[in-house]
Amino acid sequence: MQDENPRPLLEVRGLTKRFGAVQALKGVDLSVLPGEVHCVMGQNGAGKSTLIKTLSGVHMPDDGEIFWEGKKVELSTPTAALSLGIATMYQELDVVDGLSIAENIFLGHEQASGGVLHVKKANSIARALLQRLGHGKLSPSREVGSLSAANKQIVSMARALSRDTKLIIMDEPSAILDAGEVQNLFRVVRELTSQGIAVVYISHRLEEIREIGDRISVIKDGQSTANNLDVAETPKAELIRRMTGRDVANVFPERTALSLDAPVVLEVSDLELTGHFDKLSFNVRAGEILGFAGLVGSQRSEIVETIYGARKATAGQVSVNGKRLVPGSVSSAVDAGIGLSPEERKSQGLILDEPIYKNVTLSTFERCARTGLLDETAERRVANEQIAALELRPADPLRPARTLSGGNQQKILLARWLVHGTTVLLLDEPTRGVDVGARAEIYTLIRRLADAGTAIIIISSEIEEVLGLSDNVLVIDDGQVLAQKSALEIDEHGVLDLVMKGSAA
Amino acid sequence: MDQQTGTPAEVPIDSTKSSGVMQTLLHGPAGRSLGLVVALVVLILIGFITSGDRFTSSENMLVILRHASIIGVLSIGVTFVITAGGIDLSVGSVLGLTSVVGSLTAVQAAASESTWLIMVLVALLVGAIAGFVNGVVIAYGNVVAFIATLATLVAARGLAEIISQRRTLLVTNTDFTKFMRADFLGVPVLVWIFALAAAAGWFLLNRTTFGRRTVAIGGNLEASRLAGIKVKRHIVSLYVLVGVTAGIAGLMMMGRTTSGTSTHGYLYELDAIAAVVVGGTLLVGGRGTIMGTVFGVLIFSTLTNVFTQNNMDTSVQALAKGAIIVLAVLLQQRFASGKVRKAKKLPLKA
Amino acid sequence: MDQQTGTPAEVPIDSTKSSGVMQTLLHGPAGRSLGLVVALVVLILIGFITSGDRFTSSENMLVILRHASIIGVLSIGVTFVITAGGIDLSVGSVLGLTSVVGSLTAVQAAASESTWLIMVLVALLVGAIAGFVNGVVIAYGNVVAFIATLATLVAARGLAEIISQRRTLLVTNTDFTKFMRADFLGVPVLVWIFALAAAAGWFLLNRTTFGRRTVAIGGNLEASRLAGIKVKRHIVSLYVLVGVTAGIAGLMMMGRTTSGTSTHGYLYELDAIAAVVVGGTLLVGGRGTIMGTVFGVLIFSTLTNVFTQNNMDTSVQALAKGAIIVLAVLLQQRFASGKVRKAKKLPLKA
Amino acid sequence: AGALITGCSSGSSDSSAQPSNASSEGNAAAGEEVVIGFSGPAADHGWLGAINSAAIAQGDSLEDVDLRVAEGTNDANLQISQVEQFINDKVDAIVLLPTDGAALTAVATKAMEAGIPVINVDREFSSPAAARTTILGDNYGMGRSAGEYICERLGDKPDAIVAEIPGVDSLPLTQERSKGFEEALKTCGLDVDNRVPADFTVAGGEAAAAQLLSAAPKIDAIWNHDDDQGHGVLAAIDSAGRDEFFMVGGAGSKNAMELIKGGDSVLEATVLYPSTQAADGVRLARLIAQNKAMSDLVEVEAPKRIVLNAPVVTSENVDQYLPTAFTS
Ligand SMILES: Nc1ncnc2c1ncn2[C@@H]1O[C@H](COP(=O)(O)OP(=O)(O)OP(=O)(O)O)[C@@H](O)[C@H]1O
Ligand SMILES: Nc1ncnc2c1ncn2[C@@H]1O[C@H](COP(=O)(O)OP(=O)(O)OP(=O)(O)O)[C@@H](O)[C@H]1O
Ligand SMILES: [Mg+2]
Ligand SMILES: [Mg+2]
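Residue numbers (my numbering), protein chains in the order written: chain A, 23 to 527; chain B, 51 to 400; chain C, 51 to 400; chain D, 7 to 334.
For the record, the hints were derived by calculation from the structure and aren't laboratory data.
Please note that a few of the clues may not be correct.
[Said to hold, decoys possible] The calculated lysine to aspartate or glutamate pairs, modelled on DMTMM-like cross-linking and capped at a C-alpha distance of 25 Å, are:
hint: 1; chain 1: D; residue 1: K267; chain 2: D; residue 2: E158
hint: 2; chain 1: A; residue 1: K507; chain 2: A; residue 2: D493
hint: 3; chain 1: D; residue 1: K116; chain 2: C; residue 2: E272
hint: 4; chain 1: B; residue 1: K228; chain 2: D; residue 2: E264
[Claimed, not checked] Now the stretches of chain C that chain B is said to cover, found in silico as 3 or more residues with beta-carbon under 8 Å:
hint: 5; segment: 168–181
hint: 6; segment: 188–202
hint: 7; segment: 229–241
hint: 8; segment: 298–306
[Claimed, not checked] Distance ranges between label pairs, derived from CB positions:
hint: 9; chain 1: C; residue 1: L380; chain 2: B; residue 2: A249; range: 34 to 42 Å
hint: 10; chain 1: B; residue 1: Y190; chain 2: A; residue 2: T393; range: 44 to 52 Å
hint: 11; chain 1: D; residue 1: T320; chain 2: C; residue 2: D233; range: 50 to 58 Å
hint: 12; chain 1: A; residue 1: R424; chain 2: C; residue 2: D103; range: 48 to 56 Å
hint: 13; chain 1: D; residue 1: D66; chain 2: C; residue 2: E109; range: 25 to 33 Å
hint: 14; chain 1: B; residue 1: N360; chain 2: C; residue 2: I99; range: 53 to 61 Å
Every residue gets a Cβ at the ideal spot worked out from N, C-alpha and C, and that includes glycine.
In isolation and in its complexed conformation, chain A is listed as follows (with noise of 0.2 Å):
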C-alpha cells in the first residue's frame, strides 16, 4: 500500500507492550490514512485497547516505532498524544461523574482566561457540540453522574471533537448505543472524515464496520495478522477467520419450541419504582427466553434490577414458583434462585483485584464452605470447569479479573451464577464488548440453559440480537411496555416503529 500516495498520518511498526507477565502486543504494525475511517479488529483481549492507548501516551511502548505525519515520535503522556491532534473515546467510560457535561467536555482544556473559567463560554460551545451530535436536548450544565452510559458517552466523543485533532480513535463506541444511536454517531464520523480527519474505529459488530470502515486491520493475540484489508472486497468469513483462526457461524442458536404447559417461573405483577416504571405485570416461564427491547434509558435496566431487588419496589411484587420475595433483598432473590448480570460490569459485576475463581464464586462461596470454613479446592475445581466450558481465556483462576478482557470478564458474571444454578437468570447487556467468536458461545449458553428449564430476561441495545435469541419480546419504553409479542412476529422495524410512536404519544 506504501506506494499509493497519499502520505499515512500514522504509521506504527512493530509495537510490542508487555504488562507483567503478558504480553499484550507482540509486534503490531498500523498504517492510518488522513480522511479515512480505519477499523481495527480482533477477538477479545487480542491487544486492541493496550495498542490504542500506546497511540494516545497512557503506556509507553516497550519496542517499536511510532510515525505522525512521517515524523517519528514518543508519546509519553496523553497530553503528548493530544498535542499532535490525537483525541481518543477510550473503552472504558473516562468521565467524571460530579462534573457537567460541559465541564466534562473541557476536562484538561478548559475555556478560561488566566485560570478564571467562561462558564458560558463553555455551555454554549458545549451545547454547540451536543446539537452537532444530535443531542441538543441534552443540557451542558447537567451532571454527568446522572446521565445514562450511552449519553456519557456522546459527552466523550463531544470531548474528542472539541479539540483540534487530526485522528480521532474511538475504541468500541458503539458497544453502549442502540441502533439508532449508532446511525447518529455514524453520520459524525462521516462528517469528520470529509474534513479530512481520520478516525480508528474498533467495534465487534462486524455490521457497523462494513458499514463505516474503508480499511481494516486485523490483531490476533498481540500480533497483526492482516494490514489495510479493504472493507468491500474482504468477505466475513474471512475476517472472523483471521481473527479467531477459525470458522465462526454468527448465527443464533435454534429456537427448541416452548411447551405450553411449561410452568410459570417469574410472576411480576404491578411492579412499581417511583420516578421510572409503574404497574409492570408479566411471567416468564420455565424454558422461555424473554427479550427486553427498547431505546437505551427506556428503564430496561430499572426493571430487571427492581425484580432483583437491587432497587427496592415501590409497591407491587415479585415472585419465583409461587413464592414471593421480599422488595429490596437481593439475598432474598438470590435464594430464591435469580441471578443478574448487571449493566456495568466492571462497577457492579466483579471485584477487578481478585482472582477470576473468587469473582465465580462470589455467589457460592457459603455454599462451598462447611461452618464458616472456606473450601477454597472446592471453589478452584468449580470454577475451572466453568473456565473450561465458557473457554475464558487467560484458563489461569488465579489471574485476577482486572487484567481479564471485557469478552472474558462477562464470561466470569454467567459463570457465577452457572455455578450458582438459577432457575431465573436476568442478563443485562450480555454480549456488550464481547467478540464474534464469544458472542456465539455466550448465544449458545443461553439457549442451553434455558433449554435447561431456565427462565431468562435478556436486554441488549442490538434489536438484532433481542430477536434473535428471545422466545417472546416486551417492547418498552420509558418504563411502560408498547407490546408484547412473540419474538417471530415482530421485526426490527416494527420494535422502532413501536417505539417512536411510544414516545411521539
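Chain A is already provided as a structure; the job is to place chains B, C and D with the ligands on it using the hints.
Leaving out everything else, chains B, C and D with the ligands in the frame of chain A:
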C-alpha cells in the same frame, strides 16, 4: 451556590418526571446546604431559648465567628484536598510549626518595621514547604495521603518543639498582633480573613480551571490523567495550597494568642475534617462545597458556644457532640439528594 | 502467609514467561511482607549496634512485645474494617470506655469469685455495643465511617468520663490483674493474647466466609451486594468485631495498668491505623493482611524501644518517626508489587 | 540550676525557693556514678515542658549522674514499657512522673521489688509501696490558696461572680485543684459561677476565655489554673477589652510573674506549682542511689514524702519567686 455544577437556575435537573419546583430546589445544589442551614438555625434557637439575649447579642455572635475563623480558614484548605480525594492530617501540626517559626522570625528580625511582612512571608513559606513535602510524597512517592500526612503530623510537631525548645514564644511585633486583634467595620479582622478565605476558596473551586481539575481528580483520577491533566503536579499544588492555609491559620493564631508554640493547632485536623465532611464534601472525593464547609465550621463553633452559655459539663458536651455530628450528617444527607444508588455505594468507603 | 490468594506455594503466579523464583517470591503474597521484614531487621540491627546486648536481651524483646500487644490486638480488629473499605476512629476511645465499665463492674460485684468472668463479659459487651452502634449508623444510616466513628470517638470518651467521674478506677480483682501480668511458658500472657488474636484474625480473614465477604465488600461493595451478600449486616458485624477487639484491648490495658480510666487508649486509633496501613492493608479496601499488621505493630514498637535505649530526645524522635513511617511504606510498596497502575491510582484516595 | 529540695521541702508557707543552699556542700561532691531513668508525660504544655527541661538540665549539671530520658508520653501502656526497659537495664533509680498515678503503680512496684528505688513525682501512685519517695505539688492546696486569695479580696461581696478556667478536666490533678478552690470559696460564702475548661495550651486558654467572657457579662474574679494557657486567657481578655475583674493564675510562669510585677494587667497573683519537681526528683534519686541523706535533715535517709508548697505570688513577694520561675 455551593456546587460546581453551574448555577441552580440553569439546571432543569431532569426532564423526566421531576416533581415540582420544591423538589428541584431540595435536590439541587442549594438543597445540599439546606440541611446544614436547618441544623444551624435549630442550634441558634436552642441557644436563644436557653440563654436568651446573652446568646443572640452581636458580641456573642462575634465570639462565635472569631472562634470559628481559624479552624474555618484551615477547613477551606482541607476542603480542596478532600474534594480531590485526598486528606491532610498534618494541618494542625503545620499550623503549630508555622506559628513557632513565625514568632521566632519576629524575635530574630527584632523590632524593625519590615518584620511584620517578613514574618507573614516566612509563616506562609513554612506552610507551603510542609505542603510541598506532603504533595511530593503522595503524588510521586505513591504513599497514601492518610499515612503521608500522618507522618508529617508527627514530624512537624517534633520539629516545632525542637525549634521552639518547647517554649511558648511571644509575638513581639505589636503592630501585627494589634492588627490581627482589631476590628474593621465592626467585624474582627480574623473574621474578615475567614470570610475572604471562604470567598477566595469558593471562587477557586467553582470558577477556575484549578477548581475544576481538583473536582475532576477527586471524581476520577484516571479519567483526569487521560484528559491531559498533569495529575501529579496538581496534587502537589493542592497540598501546597492547604499548607498555605495552615500558614494563614498559624498567623491568625499568633495574632489571637500573641504567641507561637508547638501546641497550637493540636488535633485541629480532626475538627477541620469533621467540618468539611459534615458540610457535604465527599470524603471519597469528586464533590466539594465551600459553603457547606463554612456551615460545618459555624455549626461546631455555635455548638461550643451554646454549651458554654449553658455552663455544661465537658463530658456531657462530648457525648452530645458525638450525637450531633451524626444527626447533622443525617440531616444534611436527607436534604441533599435522593440518589439512592450513590448513597448505597458510599457509606463504607473511607 | 498474609494474603487471601491462597498459600504462596500453590500460586504459580503466571505461566507465561515468569522470570524466576525470586520474582515470584517478591511479587507474590510473601513479598508484600518482605519489605516490612527488611525494615524490622534493619531496626533491630540499629538497636543492636547502638545498644548491644541491652537491646537484644530476651527481657528487652519481651518489653517490646508486651508494649506491642495492646495496640496489636486493636490493630487486628482495625485490619478487618479497613480491608472492608471502612475505618474506625473510635477504637481508642472505646478501649477507654470498656476499661472504665470493666473496672467499675469489678468494684460493684465486690470480691466474689465470679467477678472476673463478669468483668470480662461486661467489657466485651460494651465494646460490642459501641461497635454495633457504629455499624448501624454506617450501614443503615449511610453515614461515612470516618465521621460516624469520629462521633463515637468523642461520645465514648465523654461517656467514660461521666461513668468514671473522671477518676482512675482501680481494678480490685487481683486474680485478674495477676493473670494478665503473669507469664506462661516464659512469655507474658498479654503477648499470648496478641498472638492468639493474630492467629484467629489470620484464620478468620483468610479461611472463613466471613473473611471472604470482608475482602469482597472492600473490593467492590456494589458487586458484593449484587452477588447476594448481605452487605449491611456484614458491615455491622465487622464493627462489632472491632468493638470486641477494643474490649479485649481494654481488658489487657486494665490488667497491665491495674486501672480503668477514660484516658486509656487516647489516640490509639491513629497508631492502629498507621500500623495496619504500613503493614500493607489497602486503605481503600479490598486487600488486607494480618501478617503485615503484626509487622507494622512490631516496627512501631521496636522503634520506640530503640529510641529509648538511645536516650533520644522526644522531639527528635517525633521527627525521625515521621520519616520512618514514610520510608517503611515506600519500602513495603517497592517490595510489594510492580503493579504500576495500581500505585498510580491509589495515592490520593483516602 | 534550680532549687534544692531542701529549700522547698518544709511545706510551711514562708519557705523560700532560694536558688542555692550552702549546706548542700557535702552532697554536691561527686559520688559514684549513678544511672537514673526518667519518664514523664508528653511535654505538651509549658509547665510539663519546664518539668522536663529542668530535669534534663539537672541531670546534665550533676557529673555523677547519667540521666536516661524516655519519650514523653500520655500513654500509660508506653510508659509502663519504658519503666520495664529501665528495670531491664538495671538503672540505679527511676524518677517517674506518671501520666496516670494508678496506672503506673503496678510497674513501679515491680521496679521497687527489683531493688530499684522509684521517685514518684507530681501524680501519686495508688500504693505507698510503689515509691521510695514521693514528691508532690499540692494541687488541692493550690486550689485552696487561689480560693483563699479570692475570698480575701471579695469576701465582703457575697454575690460576686467567680469564674474558673481549669486545665484538662479529665486529669485528677485538675479535679483536686477545683475541689480545693470550691471548698475555699465556700468558707466565705462564694461559689464558682462559670467554669469553662481549657486544655493547658495557649490556644485552648484563649478559646475558653473568649467563650467565658461572652457567657458572663460581668465577672469579679477569675482563677485560671495554668499560666501557660493563661497567656491565651489574657489575650482573649485583652481582645474583649474587659478589665472589671482580677485574675489569679496557676503554676507560676516567668511571664505571669512579670505581669504581676508590672501591675497593669488583670493578673494580680498566681499560685505556685513548682516546675522543678522532677529536677528535685533527680537530685533525690541520686542521693538515694548513693545512699546519702538530705543535708538539712538530721535523719540519715531521704524522707518518704515531700509535699511542695503552693504559695500565692503577688506583687509584694514576686521578686522572691521570679528567679526560679519557668519560662513557658
Ligand atoms: N494493565 C494491564 N495489566 C495486565 N494485563 C493487561 C493490562 N491491560 C491489558 N492487559 C492484558 O493485555 C491483553 C490485551 O488486552 P486489551 O485490553 O488490549 O484487549 P482488547 O483487544 O482491547 O480486548 P477487548 O475486545 O475485550 O476490549 C489481555 O490479555 C489483557 O489481559
Ligand atoms: N429520570 C432520570 N433521572 C436521572 N437519571 C436517569 C433517569 N432516567 C434514566 N436515568 C439514567 O439513565 C440510565 C440509563 O437508563 P436505563 O438503565 O433505564 O436504560 P436502559 O434502557 O436500561 O439502557 P441500557 O440499554 O443501556 O441498559 C440510568 O441508569 C440512570 O442513571
Ligand atoms: Mg479493548
Ligand atoms: Mg440500563
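Verification of the hints:
1. The hinted pair formed by K267 of chain D and E158 of chain D meets the criterion: a straight-line CA distance of about 20 Å does not exceed 25 Å.
2. A C-alpha spacing of about 9 Å is found between K507 of chain A and D493 of chain A, which places the hinted pair at or below 25 Å, so the restraint holds.
3. Among the hinted pairs, K116 of chain D with E272 of chain C is inconsistent with the structure: their alpha-carbon atoms are about 54 Å apart, more than 25 Å.
4. A threshold of 25 Å between alpha carbons decides the hint, and for K228 of chain B with E264 of chain D the separation of about 21 Å falls inside it, so the pair holds.
5. Against chain B, the segment 168–181 of chain C contributes 0 residues with a C-beta closer than 8 Å to a partner C-beta. That does not satisfy the three-residue criterion, and the hint is violated.
6. Counting residues of the segment 188–202 of chain C whose CB lies closer than 8 Å to any CB of chain B gives 13, which reaches the minimum of 3, so the coverage claim holds.
7. Closer than 8 Å: that is the beta-carbon criterion, and the segment 229–241 of chain C has 0 residues meeting it against chain B, so the requirement of 3 is violated.
8. Taking a C-beta to C-beta cut-off of 8 Å, the segment 298–306 of chain C contributes 0 residues in contact with chain B, too few for the three needed, and the coverage statement is violated.
9. Roughly 39 Å separates the CB atoms of L380 of chain C and A249 of chain B, a value that falls within the hinted 34 to 42 Å.
10. Distance hint check for Y190 of chain B and T393 of chain A: the Cβ-Cβ separation is about 48 Å, which falls inside the suggested range of 44 to 52 Å.
11. Distance hint for T320 of chain D and D233 of chain C: a CB-CB separation of about 56 Å, consistent with the stated range 50 to 58 Å.
12. At about 50 Å, the beta-carbon gap between R424 of chain A and D103 of chain C stays in the expected band of 48 to 56 Å.
13. Against the hinted window of 25 to 33 Å, the Cβ-Cβ separation of D66 of chain D and E109 of chain C comes to about 29 Å, which satisfies the hint.
14. Remark: the range hint 53 to 61 Å for N360 of chain B to I99 of chain C is upheld by a beta-carbon distance near 59 Å.
Hint check: violations occur at hints 3, 5, 7, 8; the rest are consistent with the structure.
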